[in-house]
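S.K.: Each chain, letter by letter, is given below.
Number of protein chains: 2
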Amino acid sequence: MATTAIEADFAAWMGAIQARVEEALKRCLPSAQLAPARLHEAMRYATLEGGKRVRPLLVFAAGEVAGAEAGRLEVAAAAVELIHAYSLVHDDMPCMDDDVLRRGKPTVHVEFDGATALLVGDALQTLAFQIISEQSGDATRALEMVRTLALAAGSRGMAGGQAIDLESTGKTLSQAELEFMHVRKTGALISAAVKLGALCAGPCPAALEQYAHRVGLAFQVVDDVLDAEASTATLGKTAGKDSKQGKPTYVSAMGAARARGFAEELRRSAHAALEGFGDRAVRLKQLADFIVLRKF
Amino acid sequence: MATTAIEADFAAWMGAIQARVEEALKRCLPSAQLAPARLHEAMRYATLEGGKRVRPLLVFAAGEVAGAEAGRLEVAAAAVELIHAYSLVHDDMPCMDDDVLRRGKPTVHVEFDGATALLVGDALQTLAFQIISEQSGDATRALEMVRTLALAAGSRGMAGGQAIDLESTGKTLSQAELEFMHVRKTGALISAAVKLGALCAGPCPAALEQYAHRVGLAFQVVDDVLDAEASTATLGKTAGKDSKQGKPTYVSAMGAARARGFAEELRRSAHAALEGFGDRAVRLKQLADFIVLRKF
Numbered sequence: 001m002a003t004t005a006i007e008a009d010f011a012a013w014m015g016a017i018q019a020r021v022e023e024a025l026k027r028c029l030p031s032a033q034l035a036p037a038r039l040h041e042a043m044r045y046a047t048l049e050g051g052k053r054v055r056p057l058l059v060f061a062a063g064e065v066a067g068a069e070a071g072r073l074e075v076a077a078a079a080v081e082l083i084h085a086y087s088l089v090h091d092d093m094p095c096m097d098d099d100v101l102r103r104g105k106p107t108v109h110v111e112f113d114g115a116t117a118l119l120v121g122d123a124l125q126t127l128a129f130q131i132i133s134e135q136s137g138d139a140t141r142a143l144e145m146v147r148t149l150a151l152a153a154g155s156r157g158m159a160g161g162q163a164i165d166l167e168s169t170g171k172t173l174s175q176a177e178l179e180f181m182h183v184r185k186t187g188a189l190i191s192a193a194v195k196l197g198a199l200c201a202g203p204c205p206a207a208l209e210q211y212a213h214r215v216g217l218a219f220q221v222v223d224d225v226l227d228a229e230a231s232t233a234t235l236g237k238t239a240g241k242d243s244k245q246g247k248p249t250y251v252s253a254m255g256a257a258r259a260r261g262f263a264e265e266l267r268r269s270a271h272a273a274l275e276g277f278g279d280r281a282v283r284l285k286q287l288a289d290f291i292v293l294r295k296f
Numbered sequence: 001m002a003t004t005a006i007e008a009d010f011a012a013w014m015g016a017i018q019a020r021v022e023e024a025l026k027r028c029l030p031s032a033q034l035a036p037a038r039l040h041e042a043m044r045y046a047t048l049e050g051g052k053r054v055r056p057l058l059v060f061a062a063g064e065v066a067g068a069e070a071g072r073l074e075v076a077a078a079a080v081e082l083i084h085a086y087s088l089v090h091d092d093m094p095c096m097d098d099d100v101l102r103r104g105k106p107t108v109h110v111e112f113d114g115a116t117a118l119l120v121g122d123a124l125q126t127l128a129f130q131i132i133s134e135q136s137g138d139a140t141r142a143l144e145m146v147r148t149l150a151l152a153a154g155s156r157g158m159a160g161g162q163a164i165d166l167e168s169t170g171k172t173l174s175q176a177e178l179e180f181m182h183v184r185k186t187g188a189l190i191s192a193a194v195k196l197g198a199l200c201a202g203p204c205p206a207a208l209e210q211y212a213h214r215v216g217l218a219f220q221v222v223d224d225v226l227d228a229e230a231s232t233a234t235l236g237k238t239a240g241k242d243s244k245q246g247k248p249t250y251v252s253a254m255g256a257a258r259a260r261g262f263a264e265e266l267r268r269s270a271h272a273a274l275e276g277f278g279d280r281a282v283r284l285k286q287l288a289d290f291i292v293l294r295k296f
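Just so you know, the sequences run in chain order A and B.
One point on numbering: in the numbering used here, the residue at position 283 of the first sequence is 283, and numbering is uninterrupted.
One point on numbering: in the numbering used here, the residue at position 243 of the second sequence is 243, and numbering is uninterrupted.
Isolated chain A (complex conformation) (with noise of 0.2 Å):
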């Protein structure tokens, strides 16, 4: 195949994918004509329509190599999602981020008010955890999903990257502090959409917990340098904010260049880990581009 009738295969996978995940969100999100209407209401704004959905790709993907059924890789795509989503809502609010943008929509906070906010972050990821308890099979294997996502989740992954994020405001931080940092801030989920998707079939193999590993952390150095250097229309969220809140990145520790050279270096060693799954890892080989190569 040509350079463009590759891309246009990844785009009309990646197009399957998202409409996919949308569908399953919008059954498992709760009516908007269900009380309470307005918590339900905002849950929906907050999480359908929007983003990329990078982690649903990466758990389709990952579950493509693992061979796993696809309505089960649905569950886990839709929950990983939901916890993306609840974080997101969370951020922006202004005792954190205080931001009014997102997914070129005005913030849950904004839309509707902190304390609805605040709740629908809370339901959200409650949500999360309830489809995977739901769905039926290997029930040994549907705890792991559980513990897998609670672990990238919680204080020692995402949440505890958001409060070492809070403390480093206005320091410079070394690469390893901010290796460190990312993660847990974003890496962690994004580990966590790939273990996923391979237990949706079965243990997941060693080799994808490093190509993990290393798209997680190429998906925040890349988010710095988007944060440095495209437009808020772009982005459809406030460009530019990391450094005018002082926060340290990959861009401030070790400029746009060089930052942008390492990203590169790890989606090289992304593909080098997924050598031995052959073609069969070729949507997770395209993600580790689209994640490094995307403009927005």
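It is possible that some hints are incorrect.
[Unchecked claim] In the DMTMM-like style, the derived pairs of lysine to aspartate or glutamate whose C-alpha atoms are separated by at most 20 Å in a straight line are:
1. B/Lys171 with A/Glu49
2. B/Lys247 with B/Glu229
3. A/Lys244 with A/Asp98
4. A/Lys295 with A/Glu209
5. A/Lys285 with A/Glu265
6. B/Lys247 with B/Asp98
7. A/Lys52 with A/Asp227
8. A/Lys26 with A/Glu7
9. B/Lys241 with B/Glu134
10. A/Lys171 with B/Asp113
11. B/Lys247 with A/Asp227
12. A/Lys247 with B/Asp113
[To be verified] Where chain B lies over chain A, by a calculated footprint (3+ residues, C-beta under 8 Å):
13. 130-141
14. 155-168
15. 219-232
16. 239-250
17. 275-284
Bear in mind the hints are in silico, worked out from the structure with no lab data behind them.
Quick caveat, the model's predicted, so the values are computed rather than measured.
Every residue gets a Cβ at the ideal spot worked out from N, C-alpha and C, and that includes glycine.
Position chain B relative to chain A; hints supplied.
M.R.: Coordinates of chain B only, in the frame set by chain A:
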């Protein structure tokens, strides 16, 4: 036994369970020496040395009826208390009740800050699901525990009850509407505690579910009466908040005397639900009495 001997025996049982749960919570909460240290310190501050531990007591009392192992009950009790602790931290935040005092101490956002309070609540919720997923033994039952806790905590349970509470401020609710709210806001987690205790041994008997529903509702009715009648010093949290905030309560809906009568009625019907269990249900009966007759 004379009344005082029975009381002393119940007090000793409560003290023993409370101490046991405190140790279980200390073990499952990350050490304050571990990074991010401030977050972990705040999680411990929010959870340890606080409260009557009503939900853990219900877990153990229901476990006694069902014949569950103490080790499993510890995990269930700690999990439900972590959910309760998270909800208190978030409820006290400025965008919700904006309260400064909880369990006789400054609230988390006062002692630490708003962003930390947000993350503490988030991470405590996650930890509840994590510890259930990490217990050994029957995975099907553990997964059912995840589901029970998630249904009780989410938008159709506790978080939903909070949202209805917010929407109701300044309104007059009928008794049916009040019950709809309170069954979710407080009742759901109280009920879940009973079910989790039973689930540690096997499926939850219907009679225990009935008991749980009645005691859960009674708990909130008494809470309303105490908020109206007790002092801040006795409660360890700000008294008189409901009427000041214009919140509909059982006291505003039916007056304090009828609310007390309703709680008494619920206490009796909770006892009635336990009849088939004989002596095994003595702690559950005593807890129903404790919940309705408490002064704080």
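S.K.: Okay, which hints does this one fail, numbers in order?
M.R.: Result: hints 1, 4, 8, 9, 11, 15, 16 and 17 break, sorted rising.
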